[in-house]
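The residues making up each chain are set out below.
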Amino acid sequence: MKARVYVMLKTGVLDPQGEAVRHALANLGFDGVQGVRQGKLIELDLADGTDEATIAQMCDKLLANTVIESYRIEVL
Amino acid sequence: MRAAVVVFPGSNCDRDMAVALRAAGADVTMVWHKDASLPDAVDLVAIPGGFSFGDYLRCGAIAAQSPICRAVVAHAGRGGYVLGVCNGFQVLTETGLLPGALMRNSGLKFICKTVDLVVETANTAFTSGYQAGQGIRLPVAHHDGNYTVDPATLARLQDEDRIVFRYAQPLNGSVADIAGLVSDNRRVLGMMPHPERAVDAGHGGTDGQALFRELVGQVVAA
Numbered sequence: 001m002k003a004r005v006y007v008m009l010k011t012g013v014l015d016p017q018g019e020a021v022r023h024a025l026a027n028l029g030f031d032g033v034q035g036v037r038q039g040k041l042i043e044l045d046l047a048d049g050t051d052e053a054t055i056a057q058m059c060d061k062l063l064a065n066t067v068i069e070s071y072r073i074e075v076l
Numbered sequence: 001m002r003a004a005v006v007v008f009p010g011s012n013c014d015r016d017m018a019v020a021l022r023a024a025g026a027d028v029t030m031v032w033h034k035d036a037s038l039p040d041a042v043d044l045v046a047i048p049g050g051f052s053f054g055d056y057l058r059c060g061a062i063a064a065q066s067p068i069c070r071a072v073v074a075h076a077g078r079g080g081y082v083l084g085v086c087n088g089f090q091v092l093t094e095t096g097l098l099p100g101a102l103m104r105n106s107g108l109k110f111i112c113k114t115v116d117l118v119v120e121t122a123n124t125a126f127t128s129g130y131q132a133g134q135g136i137r138l139p140v141a142h143h144d145g146n147y148t149v150d151p152a153t154l155a156r157l158q159d160e161d162r163i164v165f166r167y168a169q170p171l172n173g174s175v176a177d178i179a180g181l182v183s184d185n186r187r188v189l190g191m192m193p194h195p196e197r198a199v200d201a202g203h204g205g206t207d208g209q210a211l212f213r214e215l216v217g218q219v220v221a222a
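As they're listed, the protein sequences go chains A and B.
Following our numbering, the residues of the first sequence are numbered contiguously, the last one being 76.
Following our numbering, the residues of the second sequence are numbered contiguously, the last one being 222.
Take the hints with a grain of salt, since some may be wrong.
[What the hints assert, rightly or not] Just the calculated beta-carbon pair ranges, DEER-fashion:
1. B:ARG22 x A:LEU28: 29 to 39 Å
2. B:ASP40 x A:GLY18: 44 to 54 Å
3. A:ASP60 x B:ALA201: 27 to 37 Å
4. A:GLY35 x B:GLN169: 43 to 53 Å
5. A:LEU41 x B:ARG156: 17 to 27 Å
6. A:ALA47 x B:ALA155: 17 to 27 Å
7. B:ALA168 x A:ALA56: 41 to 51 Å
8. A:ASP60 x B:PHE110: 47 to 57 Å
9. B:TYR56 x A:GLY18: 13 to 23 Å
10. B:PRO9 x A:VAL21: 24 to 34 Å
11. B:GLN131 x A:LEU28: 43 to 53 Å
These are calculated hints, taken from the structure and not from any lab test.
All C-beta atoms, glycine included, are put in the ideal place defined by N, C-alpha and C.
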């Protein structure tokens, strides 16, 4: 089985890289880009039957730093 | 004083740290990240700067899960001293020994220069050789030194006099210009600037010397 983990900076944590991308888009003439947030997508190839709680533990212990990041799990 | 310097794949300030500690009189052992225990009777563990594990995932995240870090957390739990510099500071936040996190610099650039710092408190074994409010100059060399912490924890750090160094001018986006802080028992210090790069006249400055001298002196006396 496969799962995807999306890791994003929490709302309210300034994302300097996202801001830089937003400025670059504006410089390219793309008007109206009001915000850009940049995160990570992690694909996991897992033993069949791995439950979502185990994946959440992986996120809490390593994949995300929950001080500044939130995550979302998608089991495929 | 017995000190251990942790070496990860990608550490690059480990030898400088050992030289600075030895010059201050410490008996230094280097320990490899796969070691599951520290040498006997170690007083201080130093986690040096560098790019442990290539900064993969997040700076310090993989290192924080290494076998030696479990031993470092146990050492801190017993009241042992820990000094984390630069990548070492990032490792300490990732292990949870220090609160908050270090994000990409707000200006997105790697910053490598000597900066003015203010010593905010002399009430730690690391800073008793300085005066509170004293200005010192130390080198910084980092891409991810933008310290962030939630407002409630920041208020607690301020109330408990745990902010140890601040940048004299805004540098990298750090909240309250924080450059270094201690744990609640004041024995775990994390800082982005490099005191070990300012201990010899040949370095261009010696403002880091007092940190090592006082730390080694106090722990020997204890």
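Now for the hints, and whether the structure bears them out:
In this structure the hint that ARG22 (chain B) and LEU28 (chain A) lie 29 to 39 Å apart at CB is violated, the actual value being about 54 Å. About 48 Å separates the C-beta atoms of ASP40 (chain B) and GLY18 (chain A), a value consistent with the hinted range of 44 to 54 Å. ASP60 (chain A) and ALA201 (chain B) have their C-beta atoms about 48 Å apart, which leaves the hinted 27 to 37 Å range violated. The supplied range of 43 to 53 Å is broken by GLY35 (chain A) and GLN169 (chain B), whose beta-carbon atoms lie about 29 Å from each other.
Remark: the range hint 17 to 27 Å for LEU41 (chain A) to ARG156 (chain B) is contradicted by a beta-carbon distance near 35 Å. Taking 17 to 27 Å as the suggested C-beta distance range, the pair ALA47 (chain A) and ALA155 (chain B) does not conform, at roughly 45 Å. The given range of 41 to 51 Å is respected by ALA168 (chain B) and ALA56 (chain A), whose C-beta atoms sit roughly 43 Å from each other. Range check, ASP60 (chain A) to PHE110 (chain B): about 30 Å between beta-carbon atoms, so the 47 to 57 Å window is missed.
Checking the proposed 13 to 23 Å range against TYR56 (chain B) and GLY18 (chain A) shows it holds: the Cβ atoms sit about 21 Å from each other. Here the CB-CB span from PRO9 (chain B) to VAL21 (chain A) is close to 31 Å, well matched to the stated 24 to 34 Å. For the pair GLN131 (chain B) and LEU28 (chain A), the beta carbons lie near 52 Å from each other, so the given range of 43 to 53 Å is met.
The structure fails hints 1, 3, 4, 5, 6, 8 (numbered hints given earlier, in ascending order).
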